[in-house]
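Q: Sequence:
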Amino acid sequence: MTDSAKQKSKSYFDSHRKSRLARGGYWRHDYRYQLEEIGRIRPDRLIDIGCGPGAFLCLVEEAFPDIQLNALDISPEMVSETRERLSDTAIATVGDSERMPLDSAQYQVVTCNMSIHHYPHPQDALDEMYRILKPGGTLLLNDMDCVAPIRAVANWLFPRLPGGDVKMYNREEIEGMVRKAGFRNIQYRKISPFSFQCVAEKQPANETLTRA
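Position 94 of the sequence shown, counting from 1, maps to 94 under our numbering, and the rest follow consecutively.
To be clear, the hints were calculated from the coordinates, so they are not data collected in a lab. Certain hints may be false.
Listed below are the simulated DSBU-like cross-link pairs for lysine-lysine, each with C-alpha atoms no more than 30 Å apart in a straight line [as the list claims (entries may be wrong)]:
#1 Lys180 <-> Lys167
#2 Lys10 <-> Lys180
#3 Lys190 <-> Lys180
Model the full assembly from the supplied sequences, consistent with the hints where possible.
A: Set out below in structure tokens:
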């Protein structure tokens with residue numbers, strides 16, 4: 001399950017550009033935790049991976065108008081929606097999160113909200129997030145986290161859904177992939193009965209990277 005899941009995601013979200021789900025109506029509770037971290041860091045440049053129609057970035061722009069906002073999504077329609085909703089200074093790019101058409105070491109913060117469960121190769125995506133971060137930069141990862149029985153049902157159901165969902169990962173899997181990508185100071189916390197936030201840092205330029 002690789003290109004088929006990506007194609008399902010692309011087709012689904014292309015056709016749901018204006019839906020409440022696509023606009024982030026169900027996940028706004030989680031966004032405030034991401035915004036708190038952004039307010040603490042105050043980056044000059046931020047990119048949201050799997051941006052959808054820009055619902056999260058609209059909130060970032062409202063709260064922190066001085067941040068240079070960037071976005072990436074596999075769906076051209078979602079990227080178009082993001083461009084329409086954000087200011088002219090924002091940059092939105094169509095691309096695969098597992099093979100980003102982006103230069104290395106460009107952003108002080110990478111966010112990824114409710115998107116990693118769509119990725120057939122999440123380790124590749126996290127490796128890419130690490131690559132595009134500046135040394136000392138921060139990853140803010142938010143996705144689903146449910147008790148094991150619900151997670152098992154969801155993972156059975158996901159391949160049967162039209163949205164290209166692949167897998168809901170448990171805490172050990174998320175922390176393991178984030179660590180393997182090279183991140184350090186990993187902080188994982190539940191922020192609702194159904195979701196988590198993981199904050200992690202890329203090592204500064206004057207330190208040697210040790211991968212797991």
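Q: Give a verdict on every hint.
A: Results of checking the hints against the structure:
Straight-line distance between C-alpha atoms of lysine 180 and lysine 167 comes to about 19 Å, which keeps the hinted pair within the 30 Å bound. Simply put, lysine 10 and lysine 180 have alpha-carbon atoms about 28 Å apart, close enough for the 30 Å limit, and the pair holds. Between lysine 190 and lysine 180 the alpha-carbon distance is near 21 Å, which keeps this suggested pair within the 30 Å criterion.
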